[in-house]
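Undergrad: Required output: the full structure, derived from the provided sequences and hints.
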Amino acid sequence: MDRRTYDRRIMIAMGAYVAVFLAVWPQARGAADPWLKGLYALTPVVPLLYVIWQMAQRILQSDELEQRTHLIGLGIATVVVSIVSIVAGFLAAANVMTLDATSVVLVWIFPLLMIAYGLGRSHAARRYGSNALCEDEDRMPAYLRFLCAAAITGFIAAYVYLRTGEEQVSSTLLGMACALAAGALFFGIRRWLRRRRSAAAE
Amino acid sequence: MNNHLRQLREQRGWSQGELAERLDVSRQTVNAIETSKYDPSLPLAFRISRLFRQSIESIFEPGKE
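Residue numbers (this note's numbering), protein chains in the order written: chain H, 1 to 202; chain W, 1 to 65.
Rather than coming from a laboratory, the hints here were simulated on the basis of the structure.
Hints may be right or wrong, so weigh each one.
What the hints assert, rightly or not - Short derived list, chain W residues pointing at chain H, Cβ under 10 Å:
{"hint": "1", "residue": "N2"}
{"hint": "2", "residue": "A20"}
{"hint": "3", "residue": "V25"}
{"hint": "4", "residue": "T29"}
{"hint": "5", "residue": "N31"}
{"hint": "6", "residue": "A32"}
{"hint": "7", "residue": "T35"}
{"hint": "8", "residue": "K37"}
{"hint": "9", "residue": "S41"}
{"hint": "10", "residue": "P43"}
Unchecked claim - Coverage of chain H stretches by chain W, computed from C-beta distances (three or more under 8 Å per stretch; other residues unrestricted):
{"hint": "11", "segment": "120-129"}
{"hint": "12", "segment": "155-168"}
As the list claims (entries may be wrong) - Quick list of the computed label-pair ranges, beta carbon to beta carbon:
{"hint": "13", "chain 1": "H", "residue 1": "A94", "chain 2": "W", "residue 2": "E61", "range": "50 to 58 Å"}
{"hint": "14", "chain 1": "W", "residue 1": "E21", "chain 2": "H", "residue 2": "V46", "range": "35 to 43 Å"}
{"hint": "15", "chain 1": "W", "residue 1": "L42", "chain 2": "H", "residue 2": "A23", "range": "46 to 54 Å"}
{"hint": "16", "chain 1": "W", "residue 1": "D39", "chain 2": "H", "residue 2": "W192", "range": "31 to 39 Å"}
{"hint": "17", "chain 1": "W", "residue 1": "R50", "chain 2": "H", "residue 2": "A41", "range": "53 to 61 Å"}
{"hint": "18", "chain 1": "H", "residue 1": "I52", "chain 2": "W", "residue 2": "S41", "range": "20 to 28 Å"}
Values in this document were obtained by computation on a predicted structure and should not be read as measured data.
No residue lacks a Cβ here, since even glycine has one placed at the ideal position from N, Cα and C.
TA: Here's what the structure looks like:
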């Protein structure tokens with residue numbers, strides 16, 4: 001599986017996740033039957049399982065150096081999630097802070113793991129002279145990936161605000177969308193500068 | 001570990017991508033080996049040695065400890 005195919009499949013799966021999350025998951029609260037409630041609540045997990053399966057396939061098909069960078073990334077992500085969990089757990093147990101374990105903490109573990117994994121792998125790839133984020137010419141450019149993620153997150157923020165009027169959730173999502181858009185701008189400018197520099201060198 | 005992979009590749013007029021294809025690895029892996037940022041596994045070292053028809057010791061040499 002080449003990287004463009006992988007990126008395209010992940011984008012489609014994440015789009016499906018957003019669609020399911022917006023269309024199916026809200027019905028879980030209103031469903032009377034506990035089985036139906038559970039089914040609605042767990043439907044967004046299906047596209048996420050597909051994403052995990054795609055990641056596993058890609059790691060299995062990659063060469064030894066790439067597998068090593070994945071391993072380092074996963075190691076870093078494990079350490080980050082473990083430390084954040086234990087620190088938050090101790091603070092909550094000592095009543096220094098309050099954590100809503102059911103709806104806030106558990107939902108954020110997977111995204112935190114993925115972010116730490118991505119950053120950890122990027123760090124490992126740089127150590128070996130390449131860049132997991134944007135230098136590979138055979139995959140979708142990083143600025144485009146960040147732009148798509150920003151658009152999707154911004155769309156969800158607008159949807160949540162317009163549908164529920166919940167300011168805290170929608171402003172958190174909007175902040176994430178802005179951070180992703182800033183990332184897209186950074187990678188876009190870096191790509192443009194590199195292209196200009198290489199054109200000038202020729 | 002130091003190596004002569006870049007010289008051997010250039011002698012044959014191959015790009016990093018072409019060598020990567022022959023070794024069934026990514027271009028980044030070839031680049032990392034050439035710049036001594038990554039030491040290949042024993043199976044990959046054997047594939048390199050077979051491709052260039054040279055012994056592993058003549059391609060790779062231990063660096064300063």
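Undergrad: Please go over all the hints and tell whether each is borne out by the structure.
TA: Hints versus structure:
1. For N2(W), the suggested interface contact is broken, since its CB lies about 15 Å from the closest CB of chain H, more than 10 Å.
2. The beta carbon of A20(W) is positioned within 10 Å of a beta carbon in chain H (closest approach about 9 Å), and the interface hint is therefore held.
3. With its C-beta approaching chain H no nearer than about 4 Å, V25(W) sits inside the 10 Å limit, and its interface hint holds.
4. Against a cut-off of 10 Å between C-beta atoms, the interface hint on T29(W) holds, since the closest Cβ of chain H lies about 4 Å away.
5. Taking 10 Å as the C-beta contact cut-off toward chain H, the hint placing N31(W) at the interface holds, the least distance being around 6 Å.
6. Hint status for A32(W) relative to chain H: holds, with the closest Cβ pair at about 4 Å, below 10 Å.
7. About 6 Å separates the beta-carbon of T35(W) from the nearest beta-carbon of chain H, less than 10 Å, and the hint is met.
8. Interface hint status for K37(W): upheld, as the beta-carbon distance to the closest one in chain H is roughly 5 Å, under 10 Å.
9. About 5 Å separates the beta-carbon of S41(W) from the nearest beta-carbon of chain H, less than 10 Å, and the hint is met.
10. Because the smallest distance between the Cβ of P43(W) and any Cβ of chain H comes to about 8 Å, under 10 Å, the interface hint for this residue holds.
11. Counting residues of the segment 120-129 of chain H whose CB lies closer than 8 Å to any CB of chain W gives 4, so the stated coverage by that chain holds, three being the minimum.
12. Remark: the segment 155-168 of chain H is not confirmed as covered by chain W, as 0 of its residues place a Cβ nearer than 8 Å to a Cβ of that chain, below the required three.
13. Our hint of 50 to 58 Å for A94(H) and E61(W) holds, since their Cβ atoms are close to 57 Å apart.
14. Remark: the range hint 35 to 43 Å for E21(W) to V46(H) is upheld by a beta-carbon distance near 37 Å.
15. Separated by about 52 Å at the C-beta atoms, L42(W) and A23(H) satisfy the suggested range of 46 to 54 Å.
16. With their beta carbons about 36 Å apart, D39(W) and W192(H) fall inside the hinted range of 31 to 39 Å.
17. Taken as a hint, the range 53 to 61 Å holds for the pair R50(W) and A41(H), whose Cβ atoms sit roughly 55 Å apart.
18. About 26 Å separates the C-beta atoms of I52(H) and S41(W), a value consistent with the hinted range of 20 to 28 Å.
Violated hints for the displayed structure, listed by number in ascending order: 1, 12.
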